[in-house]
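Participant: Protein sequence lines, in the order shown, are assigned to chains A and B.
Throughout the first sequence, residue numbering follows this note's numbering, covering 1 to 158 in sequence.
Throughout the second sequence, residue numbering follows this note's numbering, covering 1 to 277 in sequence.
Keep in mind that the hints were calculated from the coordinates and are not lab data.
If you're wondering where the values come from, they're calculated on a predicted model, not measured in any experiment.
Some hints here could point you the wrong way.
Below 25 Å or equal to it, Euclidean Cα-Cα: the simulated SDA-like pairs (lysine to any residue) are [claimed, not checked]:
1. A:Lys-22 with B:Ala-45
2. A:Lys-22 with B:Asn-117
3. B:Lys-222 with B:Val-254
4. B:Lys-53 with A:Asn-21
5. A:Lys-22 with A:Gly-55
6. A:Lys-81 with A:Pro-13
7. B:Lys-27 with A:Asp-19
8. A:Lys-22 with B:His-42
9. B:Lys-222 with B:Ser-246
10. A:Lys-81 with A:Gly-42
11. B:Lys-53 with B:Ala-10
12. B:Lys-53 with A:Val-9
13. B:Lys-221 with B:Ala-45
14. B:Lys-59 with B:Leu-12
15. B:Lys-2 with A:Glu-30
16. A:Lys-22 with B:Ala-48
17. A:Lys-81 with A:Ala-96
18. B:Lys-53 with A:Pro-13
19. A:Lys-56 with A:Asp-69
20. A:Lys-153 with A:Gly-70
21. B:Lys-59 with A:Gly-70
22. B:Lys-53 with A:Asn-10
23. A:Lys-22 with B:Met-1
24. B:Lys-59 with A:Phe-8
25. A:Lys-56 with B:Arg-40
26. B:Lys-27 with A:Tyr-17
27. B:Lys-2 with A:Val-5
28. B:Lys-47 with B:Glu-5
29. A:Lys-2 with B:Ser-246
30. B:Lys-59 with B:Pro-91
31. A:Lys-22 with B:Gly-68
Reference listing, derived: stretches of chain B covered by chain A, where coverage requires no fewer than 3 residues with Cβ under 8 Å from a Cβ of chain A [to be verified]:
32. 2-8
33. 29-38
34. 129-139
35. 185-191
Chain B residues, not near chain A, derived (Cβ > 12 Å throughout) [claimed, not checked]:
36. Asp-17
37. Gly-23
38. Val-49
39. Asp-51
40. Leu-58
Glycine included, every Cβ here is placed at the ideal spot set by N, Cα and C.
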Amino acid sequence: MKYRVNFFVNEEPVELYVDANKTMLRVLREELALTGTKEGCGAGECGACTVIVDGKPINACLVLAPELDGMHITTVEGLAKDGQLTNVQQAFVDLAALQCGFCTPGFIMSATALLQENPSPSRDEIVDAISGNLCRCTGYARIIEAIELAARKGGGQT
Amino acid sequence: MKAFEYFAPASLEEAFDLLDRFGPEGKLFNGGTDVVIQLRDHLIAPKAVIDIKRIPGLKTLTYDPQGGLTIGACMTMNEIGNDPQVIAHYPTLAKAALSVGSKQVRNRATCIGNIVNASPLADTSTPLLAHNAVVIARSREGERSIPLEEFFVFVRKTSLKPGEIVTAIQVPPAPGSRGEFTKISRRREVDLSTICATILKAEDGWRVAYGSVAPTPIRLKKTEALLNEGPLTDAVIEEAVELARSEVSPIDDVRATKAYRLEVVGVVLARSLRALM
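Sequences and hints are given; from them, build the entire structure.
Facilitator: So, in structure tokens, the structure goes:
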């Protein structure tokens, strides 16, 4: 049995027929080809699949596809507008706050959600906000600095 | 994940119909942060997943000085932990709620789910036990109030009956109480408790609740009785530490040894009592 869901991804309306035993993550990646959202652990521990739903960061791997109905989802693909990176994205580039890059979209989404809610976070608040995101390459120092830089440049918007 | 049918009932009546229809093959679903993993790992394979998040009236949190706090089933950990009333009147509960998982998990996970899941180390169980919380279960027959201590029966077993849905948890008012919530874990965030505890100094006496030291989260009643006998002195604390260690029955597991847990039960109690003296 398929379930009809109507939702918004990056402000675009979407209507799909989905299986109940799929996750939001698989729908985004496999049915909508939005592969910026990554699967790391699949259990809500690594944050590689972080997306923003109704203003809050969540793990896409822990949402069932039929739950999508009515949601407003922002993925990493929805941040840059007309080729213009957001402050958070540009800060990650400027400070080289990544190595392999696999965890980066998740960090960008957690940082974006933080700055939308709290445009001038302290270093501790930044560390708290990204504590659900694992990076195995960088050691986090550059990531934290990039989020501080993005905050100084005006926060979660472009 | 094996195939299942998904339902999002629009009322409790509809949810009761589904529970009748599917019986033990119907799995109630709330924030999903435990259940999706159980589905994925084939630990459960229900015929139906019954999502209660679209039932009106479950996404509420109310407080008044006479009635205390009522937490609706669908309130998330972040909503509870960041609520000004919870922070003001039940700070141990706020701290426990914000100690669960990550920010992403806490935006989905619910306190009621944490309790119904009945893990021995449920982070929100010890502040709720210390505050004498009551589980509200609804069924076609009506409403039942279950003291949290009687709700936990064994590892992942509760006294919930077939056809019942937990709609809320009520926490009595606790004027003048002060408490300490402690979570001992291998890392500060996104980890399960090796031991968690809430020590509460209420108006009518001490309350001591621990998680991950027995098959269910528990109150240490003998230790409480000793503490309530008289003024708190260093000698009483030492005696209470020994008594607390005799009241728990921890096991060796992946997170810690039994010996470590026995030691830390005492350390956490002594530290908490000194902080609240």
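Participant: So, for every hint listed, does it hold in this structure?
Facilitator: Results for each hint:
1. Distance restraint check for Lys-22 of chain A and Ala-45 of chain B: the Cα-Cα separation of roughly 14 Å lies within the 25 Å cut-off, and the hinted pair is therefore satisfied.
2. Our distance criterion of 25 Å between C-alpha atoms is met by Lys-22 of chain A and Asn-117 of chain B, whose separation comes to about 22 Å.
3. Distance check on the hinted pair: Lys-222 of chain B and Val-254 of chain B sit about 29 Å apart at the alpha-carbon level, beyond 25 Å; violated.
4. For the suggested pair Lys-53 of chain B and Asn-21 of chain A, the alpha carbons sit about 18 Å apart, so the restraint of at most 25 Å is met.
5. Distance restraint check for Lys-22 of chain A and Gly-55 of chain A: the Cα-Cα separation of roughly 23 Å lies within the 25 Å cut-off, and the hinted pair is therefore satisfied.
6. With a CA separation close to 17 Å, the supplied pair Lys-81 of chain A and Pro-13 of chain A stays within the 25 Å bound.
7. Of the pairs offered as hints, the one joining Lys-27 of chain B and Asp-19 of chain A holds, with about 17 Å between alpha carbons and a cut-off of 25 Å not exceeded.
8. Taken as a hint, the Lys-22 of chain A and His-42 of chain B pair is honoured in the structure, with Cα atoms around 14 Å apart against an allowance of 25 Å.
9. Pair hint Lys-222 of chain B plus Ser-246 of chain B holds up; C-alpha atoms about 10 Å apart against a cutoff of 25 Å.
10. For the given pair, Lys-81 of chain A sits about 29 Å from Gly-42 of chain A by alpha-carbon distance, which is inconsistent with the 25 Å threshold.
11. Between Lys-53 of chain B and Ala-10 of chain B the alpha-carbon distance is near 9 Å, which keeps this suggested pair within the 25 Å criterion.
12. Under the criterion of a C-alpha separation no larger than 25 Å, the hint pairing Lys-53 of chain B with Val-9 of chain A is consistent with the structure, at around 21 Å.
13. The straight-line distance between the Cα atoms of Lys-221 of chain B and Ala-45 of chain B is roughly 39 Å, outside the 25 Å bound, and the hint therefore fails.
14. For the suggested pair Lys-59 of chain B and Leu-12 of chain B, the alpha carbons sit about 13 Å apart, so the restraint of at most 25 Å is met.
15. Distance check on the hinted pair: Lys-2 of chain B and Glu-30 of chain A sit about 18 Å apart at the alpha-carbon level, within 25 Å; holds.
16. Annotation: proposed proximity of Lys-22 of chain A to Ala-48 of chain B holds, straight-line Cα distance about 14 Å (limit 25 Å).
17. A hinted pair counts as satisfied when its Cα atoms are at most 25 Å apart, and Lys-81 of chain A with Ala-96 of chain A qualifies at roughly 21 Å.
18. Annotation: proposed proximity of Lys-53 of chain B to Pro-13 of chain A holds, straight-line Cα distance about 22 Å (limit 25 Å).
19. A hinted pair counts as satisfied when its Cα atoms are at most 25 Å apart, and Lys-56 of chain A with Asp-69 of chain A qualifies at roughly 17 Å.
20. Of the supplied pair hints, the one linking Lys-153 of chain A and Gly-70 of chain A is violated, its CA atoms being roughly 33 Å apart against a limit of 25 Å.
21. Distance check on the hinted pair: Lys-59 of chain B and Gly-70 of chain A sit about 17 Å apart at the alpha-carbon level, within 25 Å; holds.
22. Annotation: proposed proximity of Lys-53 of chain B to Asn-10 of chain A holds, straight-line Cα distance about 24 Å (limit 25 Å).
23. For the hint linking Lys-22 of chain A to Met-1 of chain B, the alpha-carbon distance of about 8 Å falls within 25 Å, and the restraint holds.
24. This hinted pair checks out: Lys-59 of chain B and Phe-8 of chain A have alpha carbons roughly 23 Å apart, not beyond 25 Å.
25. For the hint linking Lys-56 of chain A to Arg-40 of chain B, the alpha-carbon distance of about 24 Å falls within 25 Å, and the restraint holds.
26. In summary, the hint linking Lys-27 of chain B to Tyr-17 of chain A is supported, as the alpha carbons are separated by about 22 Å, within the 25 Å threshold.
27. Restraint check for Lys-2 of chain B and Val-5 of chain A: satisfied, since their Cα atoms lie roughly 20 Å apart, inside the 25 Å limit.
28. Of the pairs offered as hints, the one joining Lys-47 of chain B and Glu-5 of chain B holds, with about 6 Å between alpha carbons and a cut-off of 25 Å not exceeded.
29. A distance of roughly 55 Å separates the Cα atoms of Lys-2 of chain A and Ser-246 of chain B; the hinted pair therefore is violated under the 25 Å criterion.
30. Distance restraint check for Lys-59 of chain B and Pro-91 of chain B: the Cα-Cα separation of roughly 21 Å lies within the 25 Å cut-off, and the hinted pair is therefore satisfied.
31. Restraint check for Lys-22 of chain A and Gly-68 of chain B: the C-alpha separation of about 40 Å exceeds 25 Å, so the hint is violated.
32. Residues of the region 2-8 of chain B lying with their CB closer than 8 Å to a CB of chain A number 6, which satisfies the three-residue condition for coverage.
33. Proximity of the region 29-38 of chain B to chain A, defined as three or more residues with a beta carbon under 8 Å from a beta carbon of that chain, is established by the 5 residues found.
34. With a threshold of 8 Å between beta carbons, the proposed coverage of the region 129-139 of chain B by chain A is violated, since 0 of its residues qualify and at least three are required.
35. For the region 185-191 of chain B, the assignment as covered by chain A holds, since 3 residues bring a beta-carbon within under 8 Å of that chain's beta-carbons and 3 suffice.
36. Listed as outside the interface, Asp-17 of chain B is consistent with that label: its C-beta sits roughly 18 Å from the nearest C-beta of chain A, beyond the 12 Å cut-off.
37. Distance check on Gly-23 of chain B: its Cβ is at least 19 Å (rounded) from any Cβ of chain A, clearing the 12 Å threshold; non-interface status holds.
38. A cut-off of 12 Å between C-beta atoms contradicts the statement that Val-49 of chain B is not in contact with chain A; the least separation is 7 Å.
39. Some Cβ of chain A comes within 12 Å of the Cβ of Asp-51 of chain B; the nearest lies about 7 Å off, and the non-interface call is violated.
40. Against the 12 Å criterion, Leu-58 of chain B stays outside the reach of chain A, whose nearest CB is about 15 Å from its own CB.
In this structure, the hints that do not hold are numbers 3, 10, 13, 20, 29, 31, 34, 38, 39, in rising order.
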